[in-house]
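Novice: Sequence order for the protein chains is X and E.
To convert, note that position 150 of the first sequence is 150 in the numbering used here; the numbers rise steadily by one, no gaps.
Converting from the second sequence to the numbering used here requires adding 1000 to each position, the first position being numbered 1.
Computed cross-link-like contacts, SDA-like style, restricted to lysine to any residue with a CA-CA straight-line distance of at most 25 angstroms: (1) E:Lys1090 / X:Ile67; (2) E:Lys1090 / X:His68; (3) E:Lys1090 / X:Asp90.
No lab work stands behind these hints: they were computed from the structure.
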Amino acid sequence: MAAEVAGSDFDWESPPAQGWVAPQVAAEFPGLGIAWVEVDGRPRRSPEGVRRRLRALSDRFYGSHAIHMRERPIPWAYRVFFRQIGLDPDRTRTPVEQLALDRLHDGAFISKGLPADALTIATAETGVAVRAFDAARTEGELCVRESAPGESLPGRAAGLAQGTLTIADERVPLALLFGGSENAAPVEKGTRRIAIVAVQVNGVPQASVDEALWIAEATFGAA
Amino acid sequence: MPDLLDRDTLGTVQLGGDERLARVELRRQIGRLERDLGRLQVEAFPRLGLDTGVAAPFREPRIAGLAELERVRDALAERIAEARSALNHKAQVETRNRELLQRMLAAPADYKWVRISRDDLGEPGCGHWHSRPRLGPLGMLMGWWRVKVSSGCPLPMRLAAVER
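Let the sequences and hints guide you as you build the complete structure.
Specialist: This is how it looks when you write it as structure tokens:
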């Protein structure tokens, strides 16, 4: 069983689990980590409390905020990591910057139901990259590793190029680490248990990762 | 002027023969350059739009090798140099415009119909200063010129991002 996150002061419904990073990847990127919490529930329309919170968040995100964001430690850490893994963060946006751009484009954070709104709130509040998987379709511990020959993701005509960085379970890659929308365990109508996953990079404090997971869990669970 | 690229540092590491250490050093440099570029972009906003895009070596995430990291580092350094040059040029233009405005306020008739906006001075808002004749054609004939100050649009605060 994966070790629990140490030093957390949050009132967890179910404490987060710490995944592992493949040794070669960990050697190249110290500080890279992955953690997740699992929550019971299914995707649904967000209640008024969550939508109200989104509206309040919308009022705090505006043009100059989006520009100044890249000076803040956590958004900067993700931008640097994107550059280090060969992505251009001005084309393939970091999760928090993509949220800010969506807010500018749409005029507000548009409610997309749960768990999407829980992820939006967690990322907007902390800057930490979080995403969701159908926990019933993942097996064992989650990890960050390079793809092996022959591995692929749903919806691809060709397989993954060997060495592509992925979030994986004990069997297969579930998604690209960053920069793609393919998901081998997407949250869908029939999902009954959701894994909320946070990817930590060098420069992102553990407390922020804990906070992001707790916010997402609490937002989803309070509905 | 400090060398943005820390080439000597990288050269020393490579002479030591450990490629992994070279990648660590390049990543550190990339982090520093990204921070510098971010600061320049904040400094430029909203007076100037800077292109901070650096062509990605990959379409999908992977461990970048020495060559790719060097290309990213060099491209970031180039972007920083371009940004600093653009900001310096913008600052010089704004200074010249401020001096022009002072001269225009002192002698409006010498700058007939000249219009200077707040944006020309690097100031927020959409007002402007315009040298115009008093009383229309009569003022033009009599040489009565003054600077008319416009406060700009009725809404004092607009999202600069919307304008883009």
